[in-house]
Amino acid sequence: MSEILGCEKVTKRFGGLTALNEVSLSVVKGEIFGIIGPNGSGKTTLLNVITGLIRLDEGRILLDGRDITKLKPHERVKLGIARMFQGMRVFPYLPVYLNVELVARSIYGDVRLARARTSWALTMSGLLPEAGELPIRLTPYKLRMLEFARILVSNPKIALLDEPFAGLTPDEAEAMIGLIRKFNSLGVTFVIVEHKLRYLMRIANRVAVLNQGVKIAEGRPEDVVRNPQVIEVYLGVS
Amino acid sequence: MVFAKRSAKDLIVGKIPFLIALAVLTLLPLLNVGGFWLDVLTKVNLFLLVTLAIDLYSGTTYYLNLGVSFTFGFAGYSLALLNVYYGIPTEYSMLLAIPISIFFSLAILLPSLKIRGVYFAILSLLVPIIFIGIVTAQPFSLYLGGEGGLRFKQLFLDFARSLPPGIRLTFLQYSYYYISLAAAVVGYVIAYKIGFSDFGFMLRAVGQDEELAEGTGINTLKVKVIGFLISSAYASVAGALYASMRPPVTVDLVVPANTLIPPLTSVIVGGLGTLIGPAIANYLLLLTYELLWGLIGRWRVIAYMLLLIIIITIKPQGIVFKAYVEARKFLRGVFSE
Numbered sequence: 016m017s018e019i020l021g022c023e024k025v026t027k028r029f030g031g032l033t034a035l036n037e038v039s040l041s042v043v044k045g046e047i048f049g050i051i052g053p054n055g056s057g058k059t060t061l062l063n064v065i066t067g068l069i070r071l072d073e074g075r076i077l078l079d080g081r082d083i084t085k086l087k088p089h090e091r092v093k094l095g096i097a098r099m100f101q102g103m104r105v106f107p108y109l110p111v112y113l114n115v116e117l118v119a120r121s122i123y124g125d126v127r128l129a130r131a132r133t134s135w136a137l138t139m140s141g142l143l144p145e146a147g148e149l150p151i152r153l154t155p156y157k158l159r160m161l162e163f164a165r166i167l168v169s170n171p172k173i174a175l176l177d178e179p180f181a182g183l184t185p186d187e188a189e190a191m192i193g194l195i196r197k198f199n200s201l202g203v204t205f206v207i208v209e210h211k212l213r214y215l216m217r218i219a220n221r222v223a224v225l226n227q228g229v230k231i232a233e234g235r236p237e238d239v240v241r242n243p244q245v246i247e248v249y250l251g252v253s
Numbered sequence: 191m192v193f194a195k196r197s198a199k200d201l202i203v204g205k206i207p208f209l210i211a212l213a214v215l216t217l218l219p220l221l222n223v224g225g226f227w228l229d230v231l232t233k234v235n236l237f238l239l240v241t242l243a244i245d246l247y248s249g250t251t252y253y254l255n256l257g258v259s260f261t262f263g264f265a266g267y268s269l270a271l272l273n274v275y276y277g278i279p280t281e282y283s284m285l286l287a288i289p290i291s292i293f294f295s296l297a298i299l300l301p302s303l304k305i306r307g308v309y310f311a312i313l314s315l316l317v318p319i320i321f322i323g324i325v326t327a328q329p330f331s332l333y334l335g336g337e338g339g340l341r342f343k344q345l346f347l348d349f350a351r352s353l354p355p356g357i358r359l360t361f362l363q364y365s366y367y368y369i370s371l372a373a374a375v376v377g378y379v380i381a382y383k384i385g386f387s388d389f390g391f392m393l394r395a396v397g398q399d400e401e402l403a404e405g406t407g408i409n410t411l412k413v414k415v416i417g418f419l420i421s422s423a424y425a426s427v428a429g430a431l432y433a434s435m436r437p438p439v440t441v442d443l444v445v446p447a448n449t450l451i452p453p454l455t456s457v458i459v460g461g462l463g464t465l466i467g468p469a470i471a472n473y474l475l476l477l478t479y480e481l482l483w484g485l486i487g488r489w490r491v492i493a494y495m496l497l498l499i500i501i502i503t504i505k506p507q508g509i510v511f512k513a514y515v516e517a518r519k520f521l522r523g524v525f526s527e
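Taken in order, these protein sequences are the chains called A and B.
In the working numbering, each number is its position in the first sequence, counted from 1, plus 15.
In the working numbering, each number is its position in the second sequence, counted from 1, plus 190.
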């Protein structure tokens, strides 16, 4: 299997704090890759570095073998990196369909194609009935679906999800798992940052563990949870 | 998409008030309103362009550009310099002044590309203040007229002189009024098209969450630069037309209290980013201000500012747009019956 996303010795410092310290990852095409770790371990910073919202200090980011380290965030989106942000971030005063269509317009340019893709993405995420509503009227689950529609519309090679299960009921989380599995089977690679391990461990093919900006473990979920270093980080005992 | 389209009733209800207002403004000079009010309305029409300049950019992106008065005044000075030093007639120098002023508005944009929020507002306000300093300080004041300003032939003056003396002033007042009205109508229609196009929604996306916009594929830098230049084009057209009709060009054109505060208050009272709200507020507020002169003389400044403070305190998100929405609901009800 070939690598779709590579992080090579990625380092990011904020003043005296090293948020990421020579983190290397290799995500394979078609897999669901989980990133876990306690609060402040650098998970979201890593996603920000991959998407280009934060410039890294050292290291490289590769997409499909191409060095994208110096590309701007919107250029990376066009190359196939889509992102679901932590905390359900949408444009609150734009209707649901525009939240999705603006992404499509930015990527495809062509109005007809953008609108067709938007209709498709809204249908797939079950949001077509709410297309004309403002997002502030949506439930947390529907907001997550809106973020999912925004990912789908960009036809991504890889989707980065930051805590996709946060704020969802168990039934809604199951529906989210179903969607992730469905689009993974259609060829979308996923990188998922998540605190709710009971969901992540069920769907991830491999998991990396970050602690204080350092990758301390990587492997299959069942192996990672037995790793003494990981147990120490999560439970404080080894 | 079906849900993106407005119904025929919505379009009719939306256009009727616009057409009525246009008819009133078009026929107003024929009702013998007098030279003073024609001058006032000419100014208000041109200030609509400045109001739209602020609302199109600052009302959508929330990057508060307080340097609009610089762009407005720079267009006036460009016109005067081209006329005085290069002998280009006012009619042509006015047209040339517009792109020149748009270009120099980059003096506000370029240093501020990496800053946001209040820092952008402060930086943009510094530019007109620096320009005022340049105009009034030697050696520049020798060329720019200092506080006395630069004198030149006003728009259509040569043609007016060929007319009988009795109608010269009337010709100038009427022609200025209809030019300003045409600029206001065309400016509003274009602003509306832009404001509610995909590009306009991208401007709004930048204002609502710039990081999210960039992270989901919108080239926020490009959107901001184009939006700013469109806004500058509005301020430049307004400045060039205004200066061409009211020589001499002085620093009064650049002073924020004269050419920034009135349109800015229209935008705030009208409702940020709504375009129609600030447009209506532009007429209501500026005409009220002139009406107060006849009622209470110099006390009008205090009364007007107190009125604004009360309105903004009670409804900081704007009052005119909400009133407009209610009026439309009422009209829709009338049409349904």
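One or more hints might be untrue.
Not the full set, but computed from the structure, chain A residues with beta-carbon under 8 Å of chain B [as the list claims (entries may be wrong)]: (1) Lys44; (2) Phe106; (3) Leu113.
Taking lysine to aspartate or glutamate and the EDC-like style, the derived pairs with C-alpha atoms no more than 20 Å apart in a straight line are [stated by the list, open to error]: (4) B:Lys205 - B:Glu516; (5) B:Lys412 - A:Asp125; (6) A:Lys172 - A:Asp79; (7) B:Lys412 - A:Glu90; (8) A:Lys93 - B:Asp229; (9) A:Lys87 - A:Glu23; (10) B:Lys304 - A:Glu90; (11) A:Lys87 - B:Asp399; (12) B:Lys383 - A:Asp125; (13) A:Lys87 - B:Glu401; (14) B:Lys519 - A:Glu148.
By construction, these hints were calculated from the structure, which means they are not laboratory data.
All C-beta atoms in this analysis are idealised placements derived from N, C-alpha and C, irrespective of residue type, glycine included.
Checked hints:
Given the 8 Å rule on beta carbons, the hint for Lys44 (chain A) is violated: about 22 Å separates it from the nearest Cβ of chain B. Hint status for Phe106 (chain A) relative to chain B: holds, with the closest Cβ pair at about 5 Å, below 8 Å. Hint status for Leu113 (chain A): holds, given a least beta-carbon distance of 5 Å to chain B, under 8 Å. About 15 Å separates the Cα atoms of Lys205 (chain B) and Glu516 (chain B), which keeps this hinted pair within 20 Å; it holds.
The hinted pair formed by Lys412 (chain B) and Asp125 (chain A) meets the criterion: a straight-line CA distance of about 18 Å does not exceed 20 Å. For the hint linking Lys172 (chain A) to Asp79 (chain A), the alpha-carbon distance of about 9 Å falls within 20 Å, and the restraint holds. Between the alpha carbons of Lys412 (chain B) and Glu90 (chain A) the distance comes to roughly 12 Å, so the proposed pair stays at or under 20 Å and holds. A threshold of 20 Å between alpha carbons decides the hint, and for Lys93 (chain A) with Asp229 (chain B) the separation of about 52 Å lies outside it, so the pair is violated.
At roughly 18 Å between alpha-carbon atoms, Lys87 (chain A) and Glu23 (chain A) fall within 20 Å of each other, so this suggested pair holds. Of the supplied pair hints, the one linking Lys304 (chain B) and Glu90 (chain A) holds, its CA atoms being roughly 19 Å apart against a limit of 20 Å. Taken as a hint, the Lys87 (chain A) and Asp399 (chain B) pair is honoured in the structure, with Cα atoms around 17 Å apart against an allowance of 20 Å. Between Lys383 (chain B) and Asp125 (chain A), the direct Cα distance comes to roughly 18 Å. Compliance with the 20 Å bound is thereby established for this hinted pair.
Distance hint between Lys87 (chain A) and Glu401 (chain B) is fulfilled; the C-alpha atoms sit about 12 Å from each other, no more than 20 Å. Proximity of Lys519 (chain B) to Glu148 (chain A) is assessed by CA-CA distance (about 19 Å); at most 20 Å being required, the pair is judged to hold.
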